[in-house]
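Enquirer: Each chain is listed here by its residues.
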Amino acid sequence: MSDKGGKGSSLPPKGIKSSLKSTTSNGGSFKGKEDGSTKSKKGRKVQFDSDKVSPKSSGKTESLFSKGNTGKGGKGDNTASTVKKSPSKPPPPLELKVEQELPKNAKCIMDAEALQILQGIQDQMVILSEDPSIKIPASFDRGLQYAKTTGNRYTDYQSVRRILETLKEHGVTEGEICVIANVGPETADEVFALVPSLKGKKEKLMEPLKGVLDELAKLKQLA
Amino acid sequence: MFLNVQLPWNVIIPAENLDAKGLMLQRSIIIRLLDEFASKKATKELGYYFALTTLDSIGEGKVRQHTGDILFPVVFHGITFNLFRGEIIEGVVHKVLKHGVFLRCGPMEHIYLSSTKMPDYRYVPGENPVFLNEKLSKIGKDVVVRVIVLATMWLEVEREFRALVSLEGDFLGPVSSF
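Residue numbers (numbering that gives the first Met the number 0), protein chains in the order written: chain A, 0 to 222; chain B, 0 to 177.
Chain A on its own, in the form it takes in the complex (with noise of 0.2 Å):
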């Protein structure tokens, strides 16, 4: 795994966390790199404000979450107080970045979406599976499940997505339109809590996003 901090993929560990999962070996859950984990065998904990930040380990990924590999050390003085990146600078503002993480050939879709999707796929199943040598992924019925109760918000999904779509023009992102749709927020305030990416343009937003949250309140599945 790549210590740069490459799409989001190192976790600032937490003392706790490693200390249930990961053993001191480097089969432990934390791994990453051999030369991270020996190499910052003190400082380990670079993210935690206790204290020791290698310095090394911050210059060698620059990234602010660094040293995800070294997470490992949870002996004590990481006490997962605050989930510091690295103490010298302060950390990033929790935002969705989905756009700049995404593989290029990658494109969001809605909970709803994907279920019909995968329902679609479900009702051919019975034909599928008569036939032994078609596999289908083994995480295929946890997604489902998971689809199944958060995108059953909205009954029409195509509904959705083309009020959701107005909000484009306003400069909202394909990301920040999926997260909007799977959360199904009741009130403009609700939204901008919850994609603090959007409270830049709140002036903007606020009046078109008014309208298109009282739009999808209609389309709403009652319980």
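Bear in mind the hints are in silico, worked out from the structure with no lab data behind them.
Note that beta-carbon positions come from the ideal geometry of N, C-alpha and C, so glycine has one too.
Among the hints, erroneous ones may be present.
[As the list claims (entries may be wrong)] What follows is a list of derived Cβ distance ranges for each label pair:
hint : chain 1 : residue 1 : chain 2 : residue 2 : range
1    : A       : Leu127    : B       : Thr42     : 38 to 44 Å
2    : A       : Gln144    : B       : Ser38     : 20 to 26 Å
3    : A       : Lys217    : B       : Pro118    : 32 to 38 Å
4    : B       : Gly67     : A       : Leu127    : 28 to 34 Å
5    : A       : Lys134    : B       : Ser56     : 55 to 61 Å
6    : B       : Thr66     : A       : Lys147    : 16 to 22 Å
7    : A       : Gly210    : B       : Ser38     : 45 to 51 Å
8    : A       : Lys217    : B       : Ala14     : 57 to 63 Å
9    : B       : Glu108    : A       : Lys200    : 35 to 41 Å
[Stated by the list, open to error] Some but not every residue of chain B turned toward chain A, in silico, with C-beta under 8 Å:
hint : residue
10   : Ala37
11   : Phe49
12   : Gly105
13   : Pro106
[Said to hold, decoys possible] Quick list of in silico lysine-lysine cross-link-like pairs, DSSO-like style, CA-CA up to 27 Å:
hint : chain 1 : residue 1 : chain 2 : residue 2
14   : B       : Lys43     : A       : Lys134
15   : A       : Lys147    : B       : Lys61
16   : A       : Lys106    : B       : Lys39
17   : B       : Lys43     : A       : Lys103
18   : B       : Lys140    : A       : Lys134
19   : A       : Lys198    : A       : Lys167
Keeping the supplied structure of chain A fixed, place chain B upon it in accordance with the hints.
Expert: Positioned in the frame of chain A, the structure of chain B alone reads:
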């Protein structure tokens, strides 16, 4: 969140599967593709692989030199699932520990919500431990909680993700399932 991805792939058909009945070729390509897709389980960039939706194109086969297999470049669409930093998700609690809880969200079992990230909640031990806050809102087993993703981590060996989430923020916390 779910992603619809378009992927190029190279499907290798061993020589013994190729027979005179050329029509079966497409079927065996699809089957091999499904097989590899299923065994892949997940990747770092795209997350967990769920399902193949469409096969866009099958390219011209190239014969591999020493083995006699044929390599077909294909392009297909599939659904994957990945968590992103800053995303809002709803997970179900499946394990309650003194310092936090573990949530399950879709295929991901190991989503950790630390007690330090649950402001105002305190641990209540017992046969069914829960986290309780002053307003008597409970976070215990099988409760659906809306959280924000702080970070994710890819584990190459197990080919799975772990995630760290938090309740710090407005509109986050247990939701009444409907």
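Enquirer: Each hint should be assessed against the structure and marked as holding or not.
Expert: Each hint tested on the structure:
1. Distance hint check for Leu127(A) and Thr42(B): the Cβ-Cβ separation is about 23 Å, which falls outside the suggested range of 38 to 44 Å.
2. One distance hint, 20 to 26 Å for the beta-carbon pair Gln144(A) and Ser38(B), holds here, with the actual separation near 21 Å.
3. Taking the beta carbon of each, Lys217(A) and Pro118(B) are about 35 Å apart, inside 32 to 38 Å as hinted.
4. A hinted range of 28 to 34 Å holds for the C-beta pair Gly67(B) and Leu127(A), which are about 30 Å apart.
5. The hinted window of 55 to 61 Å between Lys134(A) and Ser56(B) is violated, with their beta carbons roughly 22 Å apart.
6. For Thr66(B) and Lys147(A), the hinted distance range of 16 to 22 Å is not satisfied, since their beta carbons lie about 44 Å from each other.
7. For Gly210(A) paired with Ser38(B), a C-beta distance near 47 Å keeps the hint of 45 to 51 Å intact.
8. For Lys217(A) and Ala14(B), the Cβ-Cβ distance of about 59 Å falls inside the hinted range of 57 to 63 Å, so the restraint holds.
9. Between Glu108(B) and Lys200(A) the Cβ separation comes to about 36 Å, which falls inside the hinted range of 35 to 41 Å.
10. Restraint check, Ala37(B) versus chain A: the minimum CB separation of about 4 Å is within 8 Å; hint holds.
11. The criterion of a C-beta within 8 Å of any C-beta in chain A is met by Phe49(B), whose closest approach is roughly 4 Å, and the hint holds.
12. With 8 Å as the threshold, the beta carbon of Gly105(B) comes within range of chain A, its nearest partner Cβ sitting at about 4 Å, so the hint holds.
13. The closest approach between the C-beta of Pro106(B) and any C-beta of chain A is roughly 4 Å, which is under the 8 Å cut-off, so the hint is satisfied.
14. Distance hint between Lys43(B) and Lys134(A) is fulfilled; the C-alpha atoms sit about 22 Å from each other, no more than 27 Å.
15. A C-alpha spacing of about 42 Å is found between Lys147(A) and Lys61(B), which places the hinted pair above 27 Å, so the restraint is violated.
16. With a C-alpha separation of about 20 Å, the suggested pair Lys106(A) and Lys39(B) falls inside the 27 Å cut-off, and the hint holds.
17. Simply put, Lys43(B) and Lys103(A) have alpha-carbon atoms about 14 Å apart, close enough for the 27 Å limit, and the pair holds.
18. With a C-alpha separation of about 32 Å, the suggested pair Lys140(B) and Lys134(A) falls outside the 27 Å cut-off, and the hint is violated.
19. Restraint check for Lys198(A) and Lys167(A): satisfied, since their Cα atoms lie roughly 15 Å apart, inside the 27 Å limit.
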